[in-house]
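J.: Residue numbers (our numbering), protein chains in the order written: chain A, 1 to 328; chain B, 1 to 157; chain C, 1 to 506.
To be clear, the hints were calculated from the coordinates, so they are not data collected in a lab.
One or more hints might be untrue.
Unchecked claim - Covered, in the sense of this in silico footprint (three residues per stretch, anywhere, with C-beta under 8 Å from a C-beta of chain C), are these stretches of chain B: (1) 18-29; (2) 32-44; (3) 58-70; (4) 78-89; (5) 106-116; (6) 130-140; (7) 146-154.
All values derive from a computational prediction rather than experimental measurement.
Don't be surprised by glycine CBs; every beta carbon is placed ideally from N, CA and C.
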Amino acid sequence: MKKTFTLAIALLMVTTMAFAGGNADASSDGSFTPTRDVTWTCTSSPGGGSDIFTQEIKESIRLNGFSDANIVIDYVTDGGGEVGRLEVSRMTGPRADHTILTFNSGDLMPMCLNTNNRIENFKPLALMASDNHFLCSGDMSKYHSFQEIIDALARGERIVIAGSKGDDIETYNALLKSLGVDETQLAYVTNDSTSSAITSLLGGHVDLVLGKQASCEQYIIAERMFPMVALCEDRFTSDLLKDMPTITEFGYEACDVPNWRGIVAPKAMSEAAADYWAECFRQVTETPEWDEYITRNGLVPMYMDRASTVQFMTEFQQSYLQSIGKDK
Amino acid sequence: MKGNKSVKLPTQQLIPVVGLIIGLLFLLKGIKDYGFWNSTTHTPTAGFFPIIIAVALCLLSVLAFFQSIKKEKVEYTLRNWYVPFGFVLFIAAIYIIGTVPSTILFIIAWVKGYEKMSWKTTIICVIFCLIIVIPIFTMWLGIPFPVGKIGELILGY
Amino acid sequence: MENFAMLFHGFGVVFTPTNIGACLLGSILGLIVGAMPGIGSLAGVALLLPLTYKFDPTTAIIMLGALYYSNMYGGAFSAILLNIPGDSPAVMTAVDGYPMATVKKRPGQALMTANASSCIGGIIGMLILVILGPALAEIGLKFGYAEMMVLLLVAMTSIGWLVGGNPVQGVLLTFIGILVASIGMDVQTGSPRYDFGNIYLLGGVEFIPFVIGTVGFAQLMQLMDEKDIKVKSVDMKLTIRGSMLTAHDYKRLLGPSVRAGLMGTFVGVLPGAGATSAAFLGYAMQKAFKSEEPLGTGAIEGIAASESANNAAAAGSFAPLLALGIPGSGTGAVLLGGLMMWGLNPGPLLFTNDPDFAWGLIASLFVSNIFALAISLGVIPMLLRILQVPIKLLIPVVMVVCFVGAYASTYSMFGVMIMLIAGVCGYVFDKNGYSTAPMLLAFVLAPLLEDNMRKAFIRTAGDISDVFFGSAIATVLTLVLIFICAFPVVRTILIKTGKYTPKKKG
């Protein structure tokens with residue numbers, strides 16, 4: 001029996017080694033080259049905007065040979081993504097050099113709101129793109145222009161907007177402030193996704209939708225939805241939306257909270273590894289596939305290098321913490 | 001038969017008591033932290049639905065408790081509990097030596113050690129489980145099963 | 001008729017060697033993924049999506065559509081043979097499938113019933129999809145927050161049919177199920193609810209590990225009592241011939257399949273409802289109709305209703321996805337992501353701009369329905385061998401499968417813990433005569449109900465009359481709800497006052 005168990009334990013150890021790949025990390029001479037599988041953590045479910053963003057970059061790195069590393073996307077959606085973010089922030093050792101995390105404004109805001117994890121616990125690598133919001137009416141809506149909305153609010157009518165979570169809610173709060181009305185008059189229905197919000201607009205159950213170009217484009221072309229007002233400072237540049245006025249043209253303050261898409265790494269990632277990955281992402285932004293992705297999703301190209309990304313994300317966090325009264 | 005020791009427990013009465021505790025917990029936390037109704041916007045708050053259900057659960061638990069008073073104790077046999085006990089040890093092993101070695105060890109311990117089956121049967125069971133874990137779930141579907149503390153050391157995590 | 005012409009055009013698109021191959025591959029993968037506990041259609045489609053990036057978009061969607069669709073077939077296998085639902089829509093299949101396989105010793109017939117009714121449900125769903133097409137999606141749009149809320153309230157009354165012998169116990173567990181489902185992030189406020197400071201609870205309790213525990217793991221604990229009973233191979237007929245249903249069996253499954261198929265298609269079209277809700281409601285609806293044997297004891301009608309409804313819902317959910325670009329379920333959302341990655345523009349213009357794509361996909365659903373049926377029938381003898389494995393060996397192996405399923409559905413050990421706790425509780429509940437089916441139904445429907453209720457109140461600024469009577473659909477549904485709730489009360493009063501005497505059965 002003893003012999004058998006010794007044999008079994010030996011077998012176990014061999015299997016562990018085989019399963020683990022028996023990898024030892026390469027030493028660094030100033031530069032960095034991945035020596036094992038790279039885990040790219042995505043804290044959103046597969047198929048959503050964050051996943052498509054992650055897959056696009058991963059594919060571009062592979063196709064163009066920017067890195068030979070085998071990148072594996074790991075979906076850690078536990079605790080609304082907080083578990084994945086916490087795990088990445090705490091990662092140490094050689095694994096930290098082989099771990100990256102998709103990190104958007106829609107991730108930073110709930111992280112700051114619901115946990116004590118902060119951007120200082122990560123190493124920001126790159127900011128890749130951003131998205132702007134606008135208001136849309138539907139073919140069953142009562143209102144067809146932003147002026148009609150302003151007039152209706154002045155008459156004391158109640159208007160219901162549908163939108164998604166995260167930065168959409170922040171944009172709505174900024175809109176309330178900009179228009180000087182409260183939530184009883186301009187109500188907001190939070191949906192799991194923008195497509196759910198569009199469903200209620202198309203069915204005539206809400207008056208307006210707070211959306212972004214990628215999610216609304218097809219409905220605008222099919223004339224089921226009508227762009228009403230851009231909530232940012234400048235007009236959209238795409239052919240489809242260039243005629244849409246901005247809220248500032250009506251004399252109100254811009255109230256868009258940009259939905260930026262970025263990539264961060266564990267704080268413990270070495271400088272050499274961080275430079276390596278940041279360079280990969282910079283190269284991605286110069287490919288035609290990336291331009292196509294940006295156009296297809298109606299995004300605004302917004303590449304920033306490491307230093308600028310750190311500054312941008314830190315300032316964004318500071319301003320968000322201030323807005324929710326957690327800046328102390 | 002192995003593990004046929006049994007014990008009688010008053011779970012018929014315990015379940016409503018646990019129901020009442022859960023109901024009270026959700027009710028109190030709901031009222032304290034999430035509120036019931038926003039009188040400014042005339043809309044329900046995060047606590048609205050759970051509070052209603054928690055109140056109903058408390059009432060029903062009291063009713064179920066009185067219904068259960070006359071019910072006899074329920075007999076629990078030890079061998080049924082080998083399943084969760086064995087599973088807890090399996091999970092503990094996964095934390096230490098990782099999924100694949102734990103699976104091998106667990107099947108050997110259960111089939112050979114506890115059920116006293118032949119080595120041939122044991123190995124067939126091990127192979128069957130490993131086929132599920134390695135080629136199907138890990139390699140094909142890409143599920144990253146835990147490698148355990150030892151696996152992490154080897155991988156340098 | 002124009003739609004049928006387009007469907008034939010779609011068949012023209014599908015019947016190329018590449019697309020047929022993709023459809024066949026999708027069907028096989030879907031069956032395997034569906035049969036694996038923990039990997040539902042959502043995870044299956046998401047995991048295999050990257051494989052299709054190099055394909056032509058039509059070929060890719062045909063493969064994923066076939067995978068999604070045949071997944072509904074695969075989920076029933078482990079539900080019937082092991083009492084572990086392969087995916088969440090198969091939960092109700094286990095309720096009758098497992099007793100039919102083990103107690104009634106008709107496992108082949110149980111699998112055959114699941115396959116036949118899946119096929120019937122699927123064909124009903126697809127025909128409705130073809131005939132009504134975009135109109136079906138528009139009907140779904142009419143169901144706003146208030147309408148969905150009242151409809152879900154009507155659906156929740158079906159819990160009354162599932163509670164079993166002791167209504168107090170059944171409803172008590174239902175309420176516990178609702179409270180457990182309320183743990184997690186509150187969508188409306190974006191803040192945590194009942195997380196008790198635990199970061200894992202922020203994401204709520206996942207349904208799949210909860211079900212694997214409550215149904216499958218609890219079953220393993222019970223099986224320890226029977227582990228030394230020898231399985232007699234003569235009890236099982238391991239051939240397709242030995243698994244054939246009799247004419248009488250077919251007669252029994254036809255009615256429930258057609259009814260549940262019609263209802264399932266409708267549920268599939270509704271925003272956010274999905275195949276799991278459809279299976280629960282199909283089963284609950286069958287409770288209201290006559291079955292030859294009581295449901296829950298291995299009745300053909302129970303398997304037929306649940307399987308037909310979930311397949312019909314899977315077909316129905318393609319209506320809003322294709323006609324409007326609105327995903328009716330999580331799997332739909334992943335497919336939508338896929339469409340965008342392939343460079344297509346899902347939305348109201350998809351039928352007009354890419355008819356090859358849209359109709360090719362619909363035609364491929366018919367083809368994959370046939371493929372899935374043929375493959376399922378072919379593998380029945382092989383699957384039945386599982387039941388010949390001695391219980392004492394099955395227990396540790398299925399424990400490993402429970403671990404793998406719970407982990408794979410959540411990618412974390414937290415899911416495994418949930419499974420273990422749910423399993424132990426499920427065993428204790430069962431031992432004390434508590435029925436867990438209504439708790440599972442409530443777990444699925446209650447979050448939908450709460451979400452729609454709160455949105456309806458925001459929409460109407462808390463005006464209850466506007467919620468219940470604000471539209472024609474809401475009004476009709478409210479009247480149905482009042483009728484369902486009042487009927488038993490009125491009936492009891494009439495019986496007590498001697499104004500009505502119920503007919504005696506038999």
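J.: Taking the hints in turn, state whether each one holds.
T.: A quick look at each hint next to the structure:
1. 18-29: As far as the region 18-29 of chain B goes, the hint holds, because 5 residues have Cβ atoms under 8 Å from chain C.
2. 32-44: holds (count 5)
3. 58-70: As far as the region 58-70 of chain B goes, the hint holds, because 5 residues have Cβ atoms under 8 Å from chain C.
4. 78-89: Held - the region 78-89 of chain B has 9 residues with a Cβ nearer than 8 Å to chain C, which meets the minimum of three.
5. 106-116: Coverage by chain C holds here, the residue count being 5 at a Cβ distance below 8 Å.
6. 130-140: holds (count 4)
7. 146-154: Check failed, 1 qualifying residues.
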